[in-house]
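Visitor: Model the full structure from these sequences, guided by the hints.
Numbering-wise (UniProt numbering), the sequence shown opens with residue 1 and increments by one.
For the record, the hints were derived by calculation from the structure and aren't laboratory data. Quick caveat: nothing in here was measured; it's all calculated off a predicted structure. Among the hints, erroneous ones may be present.
Listed next, the in silico BS3-like pairs over lysine-lysine satisfying Cα-Cα at most 25 Å (straight line) [to be verified]:
#1 LYS188 / LYS146
#2 LYS76 / LYS267
#3 LYS172 / LYS132
#4 LYS310 / LYS433
#5 LYS112 / LYS146
#6 LYS179 / LYS205
#7 LYS205 / LYS112
#8 LYS146 / LYS205
#9 LYS22 / LYS298
#10 LYS160 / LYS112
#11 LYS76 / LYS112
#12 LYS153 / LYS267
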Amino acid sequence: MKMEQGMQLIDGNGKFNVDGLKDFMTATEFAQSGLSYAIVAIIGSQSSGKSTLMNQTFHTNFEEMDAYNGRSQTTKGIWIAKCSDIDPFTIAMDFEGTDSNQRGEDDTAFEKQSTLFALAIADVVLINMWYKDIGLENAASRPLLKTVFQVMKRLFKPRKKTLLFVLRDHSKTPLEYLKTALLEDIEKIWAAVAEPETLCSAPLKEFFNVEITALPHYEFQEEKFKEQVAQLRQRFVHSIYPGGLVGDRQEVEPASVFPLRAEEIWKIIKDNKDLDLPAVKVMVATVRCEEIADEKLKCFTYDEDWLKMKEAVQDGPVSGFGGAVSSILETYLSEYDREVVYFDQEVRNEKRRQLLSNALMVVRDAYDTLLMHLYSNTVKSFKTRLEQSQNEGHEYVVDIHLYSQSCMVEFDQGCEDAAIQQSEWNASKFREKLICDMLSEMMAKYKVSPEAITLLKPEDCKSLWMNFIEKIKPMMTGARSRQDGRRKAREGLAAAVAEIGAVGSAAVLTLLGV
Numbered sequence: 001m002k003m004e005q006g007m008q009l010i011d012g013n014g015k016f017n018v019d020g021l022k023d024f025m026t027a028t029e030f031a032q033s034g035l036s037y038a039i040v041a042i043i044g045s046q047s048s049g050k051s052t053l054m055n056q057t058f059h060t061n062f063e064e065m066d067a068y069n070g071r072s073q074t075t076k077g078i079w080i081a082k083c084s085d086i087d088p089f090t091i092a093m094d095f096e097g098t099d100s101n102q103r104g105e106d107d108t109a110f111e112k113q114s115t116l117f118a119l120a121i122a123d124v125v126l127i128n129m130w131y132k133d134i135g136l137e138n139a140a141s142r143p144l145l146k147t148v149f150q151v152m153k154r155l156f157k158p159r160k161k162t163l164l165f166v167l168r169d170h171s172k173t174p175l176e177y178l179k180t181a182l183l184e185d186i187e188k189i190w191a192a193v194a195e196p197e198t199l200c201s202a203p204l205k206e207f208f209n210v211e212i213t214a215l216p217h218y219e220f221q222e223e224k225f226k227e228q229v230a231q232l233r234q235r236f237v238h239s240i241y242p243g244g245l246v247g248d249r250q251e252v253e254p255a256s257v258f259p260l261r262a263e264e265i266w267k268i269i270k271d272n273k274d275l276d277l278p279a280v281k282v283m284v285a286t287v288r289c290e291e292i293a294d295e296k297l298k299c300f301t302y303d304e305d306w307l308k309m310k311e312a313v314q315d316g317p318v319s320g321f322g323g324a325v326s327s328i329l330e331t332y333l334s335e336y337d338r339e340v341v342y343f344d345q346e347v348r349n350e351k352r353r354q355l356l357s358n359a360l361m362v363v364r365d366a367y368d369t370l371l372m373h374l375y376s377n378t379v380k381s382f383k384t385r386l387e388q389s390q391n392e393g394h395e396y397v398v399d400i401h402l403y404s405q406s407c408m409v410e411f412d413q414g415c416e417d418a419a420i421q422q423s424e425w426n427a428s429k430f431r432e433k434l435i436c437d438m439l440s441e442m443m444a445k446y447k448v449s450p451e452a453i454t455l456l457k458p459e460d461c462k463s464l465w466m467n468f469i470e471k472i473k474p475m476m477t478g479a480r481s482r483q484d485g486r487r488k489a490r491e492g493l494a495a496a497v498a499e500i501g502a503v504g505s506a507a508v509l510t511l512l513g514v
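Guide: Structure representation (structure tokens):
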């Protein structure tokens with residue numbers, strides 16, 4: 001496909017060429033342009049030389065009318081082509097002519113639909129008209145201008161759209177005179193178009209940047225025509241930069257969403273629905289942000305560093321797990337942020353939250369597995385230390401305090417190392433289970449009565465632990481012998497359990513300030 005020759009985007013029956021546009025995007029690499037692009041459309045009467053003007057200005061190759069075969073419809077529907085050697089990347093759109101004999105007076109639907117499409121999709125709309133039509137009440141261009149203005153007032157919020165009037169077959173009449181007369185005509189037509197209540201007679205300048213240029217007759221003054229067309233072409237070089245033809249445009253969307261946006265806009269127009277461009281913008285942003293989020297989630301899920309971390313954690317705690325996983329997550333979140341920066345803020349933020357939520361779901365099993373390793377290792381370590389203490393004849397009250405504190409510190413440090421920065425997860429459930437198991441181990445060692453143990457509820461473990469630690473503090477230096485230390489530890493634990501049963505867990509929590 002020769003992109004300068006272009007492809008038919010919408011045929012004469014209004015069918016949108018989805019597959020053709022996809023091929024066009026691939027062949028031209030339009031999507032890689034980011035925000036550095038411009039779209040130029042041309043509308044005007046049939047056989048007024050629109051295709052010729054586009055070909056001469058943008059070095060495209062749209063089909064042109066053969067004058068020797070009579071004046072008839074050449075362009076059917078809407079065609080697009082890539083402009084050659086223009087920075088930024090520029091797309092030219094050639095529209096079927098208005099007031100054609102082929103469609104007849106009664107078939108104006110496509111004319112209005114295509115005009116609306118041009119205004120919605122293009123940065124610059126060229127209006128190709130005969131210079132002799134200026135000032136004439138029944139000129140061919142007046143119905144077209146009326147249609148343009150009706151569309152803009154009814155469906156668009158005030159936003160700058162560049163209308164470039166190209167006056168064809170200009171001869172001796174001074175251009176300045178023609179500009180003045182045309183602007184007067186434009187203002188009259190604008191004022192005559194009914195105002196929606198919300199606009200309150202908004203002035204023309206709030207909707208349009210109006211530019212006017214003139215060209216001599218192509219057949220009779222071909223060299224001069226080409227010379228002035230070359231000058232016109234220069235106006236589209238660097239058109240999006242400050243001071244350029246569309247340098248003040250706003251809310252530009254990435255080139256990658258052009259197919260989606262164009263298809264949706266045309267569908268709404270064809271269905272005779274009011275065209276709500278902000279709604280289209282949100283729809284396009286939603287689809288594209290979802291696509292980008294899905295891509296980043298897939299990249300994260302199969303990231304080599306993440307997979308290595310996920311595999312390693314199956315065998316035991318992995319030092320630096322939280323920091324490493326957080327860093328990998330941040331890489332893909334940052335990539336997402338960069339790629340969606342020009343889309344609707346609410347949409348991109350919502351899809352980012354979904355991306356993070358889905359990514360954390362991928363991580364959760366590995367995180368829980370690591371905490372389970374920490375919990376198991378801590379219980380094992382605590383049990384081993386108690387047994388060693390008993391076997392070696394140490395002071396049990398002192399040992400219980402030291403072992404319990406050091407084991408909890410080690411567990412908490414391990415949990416901190418495993419923490420995922422982007423999550424709100426904590427290890428409270430594992431910590432409470434650990435405390436319960438450590439208490440159970442002490443109860444078994446110091447033979448606390450079964451009746452006392454049965455008073456415990458799972459949610460009481462933290463209160464009991466804190467209460468027990470407080471009660472054995474005064475005993476740490478008061479034990480006179482090994483047997484005395486064991487007795488005091490047993491009494492302190494039993495007393496803490498009894499207090500849970502007597503006062504209730506809620507009261508103990510309040511009492512201890514936990």
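Visitor: Looking at the structure, which of the earlier hints fail to hold?
Guide: The structure conflicts with no hint, since it agrees with every one listed earlier.
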